[in-house]
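Colleague: Letter by letter, the chains look like this.
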Amino acid sequence: MSFRDAFALALKEVMRRLGRSVLTLMAVALAACLLTALVLISRTAETEVLRQLAKGGPLASIKVAAAAPDPSQLANDNARPGSPRDLGPQAARAIGQLPDVTSVVPVITSRMIFVPGPGAGRSEPPYFYDTAVGADLRDPSLLPISVLAGRLPAPGSLTEVAVTPGYLERLRLDPTQPEKVVGDGLEMGAPRVFDDLEEQTFRALWQRTEIVGVVAQEAAPGGIVTTIEHTRRAQRWSAASDGDTGDLDLSDSPYTGLVVVADGLDRIGKVRRQITDIGYSTSAPENLIASVQRYLNVVEIVLTAIGSIALVIACLGITNALLAAVRERRREIGVLKAIGARDRDVLFVFLIEASLLGALGGVLGSLGGWASASVVGIVVNSYLTAQGLLGVHLGPSWGVLLLGVLGSTLLASVAGAVPALKAARLPAREAVNES
Amino acid sequence: MPASGAPISVQGLAHAFRSGSGSVSALDGVDLEVPPGGYASLIGASGAGKTTLLAILGGLEPPQRGSVVVGDTDLFGLEGDGLARYRRSTVGFVFQHFGLIGTLSALENVELASILTSLPRRARRARTLALLHAVGLGQRTTHKPGELSGGERQRVAIARALANEPRLILADEPTGNLDEASAQGVIELLEQLHAERGCTILVVTHNRAIAGRASQRIALSQGRIVPASNGPSADWESSGLDRRSDGGRSE
Ligand SMILES: Nc1ncnc2c1ncn2[C@@H]1O[C@H](COP(=O)(O)OP(=O)(O)OP(=O)(O)O)[C@@H](O)[C@H]1O
Ligand SMILES: [Mg+2]
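So the sequences go chain by chain: L and R.
Going from the first sequence to my numbering is simple: count from 1 and add 826.
Going from the second sequence to my numbering is simple: count from 1 and add 119.
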């Protein structure tokens, strides 16, 4: 018997017991729905939690400080740096040439005075000190920076800045509406200390800027993000200070730090050791990410197991329905054999019937699961954005959908094996038995 | 296709069914010869072993003791796919209960038999339609068994039995579920096909008029062949029904 003929026969049988088939199918579909939804949600949760941890930047990023490594801190995610040490383009190049390093982005921070322009919020007093974090913004995807509203400053710009949620807090602005601050003005002053006669005085190099975005960032401690060109200018101005400059955190180092991206999470440790050998202190959330990943894996395993158990139970429903069908159709199966069907033809028809139910249930269920996961995603998204956090992205995961369909088809055919074997072994004599 | 009928040769066939308490003897030393292209009727009381004999001849039941040869096939030792091939290509079975699949149309039911062979789809369809025409159901091809009368259903079943050009047709009470007129029609159809195609026919019946039409009449009683009186008016039925006296005679 060809596959096409066996399929047609199986389909007719499914249609004959439509009510029972629909119920069986629905059980499989619901279970497949549960399985795909759980797997999708746990997968998304995993990537999203890690994304939040990495502030939207690359997971495998390492921060290098302009300081010597402290040997006792090597196994620590947030290693306490040793004594200050100049970090310049030469060191950056050396690190960039290490194997397993994808990219190196220099960062310069600078203590500055900020005066918010006329806008939404109000700070007390009307000016404040904060650290401006300047980075090479040509490829923001290499930086642990994620945009919550607006955009990043254009690379090289001296007049555009982005602020962090800390700025909104300082100005007592609503953190759930970061977009409101976009477009506001912000005066930034790089201070220089003059030791005039007996008195110390400040003079600032002022720059009028516009806030073009709100970001969350981990590149370096600081509440304002701008271009490295901007902070370099500020750093040079402040460096010419004389007298007591303790508050300014001045350093001779050309870069305050580097953001190094390794080829993968598993390479972070190796790269950190090599940077230590070059002589700089590093920090990376590798231990944190690894343990979070472990916990999330456990969650994923548990959720997948729950979904799989549901699917197995649903497929037992297929076994049950087909066993009943075999019992009811003993004579028909006998007739089929009496007119020449081989055992394997009968086996085939029943297996196809089972996998047909499984495949249909799997398709419906996987789509349903994806839909449910998307609904959950939308709810979670609105919650997260209301909390001023990054929203989640729940894309269609073809792998998971395929898993749902193939998994239920396969399980269903395994579930159909018992009744199919039973039917195949029925004696042809059943055709003439009284019933 | 004259002379394509398969001869039946049965010798010393014995068959018992194991049941809970012991074993029930269904056939007890049956000897039977039907010539190629023969037309035989098989009568006997309920429980005499008619269906069992037919099932063994049709390859539905493996024989236990004795010898059974149909055409050039020795049914002893035939099993699994070999037996299925024998059922598929040598035998056409007609049941009292018609044995049609309720979800399939008349056409599909008949086609089912040739689906099991490797006949190309197009040839299969053409042959099926020709068969349905031959049994007088050319206009009812799309009807499901539930939409056909008993007589029409049996005609579909006969068409299906013929689908693979069998050399032997075994009919187990083909008219048992039919009224007299339909029964007459079905028997006449079988006889017509027998005449046209030359296949061997063995019909089990309780109807003495029908039994009498066959050129060879066989009677079974308690699993043994007993002399069958000739002619439709013969009083074979009482000998078959009176099992105790019959059994005494045979022992
Ligand atoms: N599967 C079985 N298991 C046990 N005993 C059986 C089985 N099939 C038939 N028998 C017994 O074998 C004997 C012959 O049965 P069979 O069906 O061949 O009779 P029959 O002549 O066809 O009767 P009927 O005219 O009622 O159809 C009976 O005694 C019956 O009880
Ligand atoms: Mg019988």
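Keep in mind that the hints were calculated from the coordinates and are not lab data.
Please note: incorrect hints may appear among the correct ones.
Covered stretches of chain R, going by a simulated chain L footprint (3 or more residues, C-beta under 8 Å) [unchecked claim]:
id, region
1, 168 to 175
2, 232 to 240
Just a sample of chain R residues kept apart from chain L, beta carbon distances all over 12 Å, derived [to be verified]:
id, residue
3, S140
4, E152
5, F217
6, A245
7, A249
8, A282
9, N326
10, S334
11, Q335
A short, non-exhaustive set of chain R residues, derived as facing chain L with CB atoms under 10 Å [unchecked claim]:
id, residue
12, T192
13, F195
14, D200
15, R207
16, F214
17, G221
18, L223
19, L226
20, E284
21, E307
22, L308
23, R332
Cβ atoms here follow ideal geometry from the backbone N, Cα and C, with glycine treated the same way.
Colleague: The structure should be examined with respect to each hint, and the outcome stated for every one.
Modeller: These are the hints, each one checked on the structure:
1. Given a C-beta distance limit of less than 8 Å, the hint that chain L covers the region 168 to 175 of chain R holds, as 3 residues qualify and 3 suffice.
2. Counting residues of the region 232 to 240 of chain R whose CB lies closer than 8 Å to any CB of chain L gives 4, so the stated coverage by that chain holds, three being the minimum.
3. For S140 of chain R, the non-interface assignment is confirmed: its Cβ lies about 19 Å from the closest Cβ of chain L, beyond the 12 Å cut-off.
4. No Cβ of chain L comes within 12 Å of the Cβ of E152 of chain R; the nearest lies about 23 Å off, and the non-interface call holds.
5. With a least beta-carbon separation of about 9 Å from chain L, F217 of chain R fails to lie farther than 12 Å from that chain, contradicting its non-interface assignment.
6. A245 of chain R, annotated as away from the interface, keeps every beta carbon of chain L farther than 12 Å; the closest lies near 17 Å.
7. The non-interface label for A249 of chain R is consistent with chain L: the shortest C-beta to C-beta separation is roughly 18 Å, beyond 12 Å.
8. Look at A282 of chain R: its CB is around 8 Å from the nearest CB on chain L, not clear of 12 Å, so calling it non-interface is violated.
9. Chain L leaves N326 of chain R outside its interface by the beta-carbon criterion, the shortest separation being 18 Å against a cut-off of 12 Å.
10. Once the 12 Å rule is applied to beta carbons, S334 of chain R is consistent with being away from chain L; the minimum gap is 25 Å.
11. The claim that Q335 of chain R lies off the interface holds: its Cβ sits roughly 22 Å from the closest Cβ of chain L, which is beyond the 12 Å cut-off.
12. Hint status for T192 of chain R relative to chain L: violated, with the closest Cβ pair at about 14 Å, above 10 Å.
13. Among the interface hints, the one on F195 of chain R is violated; its C-beta lies about 17 Å from the nearest C-beta in chain L, farther than the 10 Å criterion.
14. Given the 10 Å rule on beta carbons, the hint for D200 of chain R holds: about 5 Å separates it from the nearest Cβ of chain L.
15. Using the Cβ-Cβ criterion of 10 Å, the hint placing R207 of chain R at the interface with chain L is satisfied: the shortest such distance is roughly 2 Å.
16. At a threshold of 10 Å, the smallest CB-CB gap from F214 of chain R to chain L is about 7 Å, leaving the interface hint in force.
17. For G221 of chain R, the interface hint holds, since its Cβ comes within 10 Å of a Cβ in chain L; the closest pair sits about 7 Å apart.
18. Residue-level restraint check for L223 of chain R holds (minimum Cβ-Cβ distance to chain L is 6 Å; threshold 10 Å).
19. A cut of 10 Å between beta carbons decides the hint on L226 of chain R: the least distance to chain L is about 13 Å, and the hint is violated.
20. Interface restraint check: E284 of chain R against chain L, minimum CB-CB distance 12 Å, threshold 10 Å, status violated.
21. Among the interface hints, the one on E307 of chain R is violated; its C-beta lies about 23 Å from the nearest C-beta in chain L, farther than the 10 Å criterion.
22. Interface restraint check for L308 of chain R: the shortest CB-CB distance to chain L comes to about 18 Å, outside 10 Å, so the restraint is violated.
23. A hinted interface residue such as R332 of chain R counts as satisfied when its beta carbon comes closer than 10 Å to some beta carbon of chain L; here the least separation is about 23 Å, so the hint is violated.
Figure legend: structure checked against the earlier numbered hints; hints not met, in rising order: 5, 8, 12, 13, 19, 20, 21, 22, 23.
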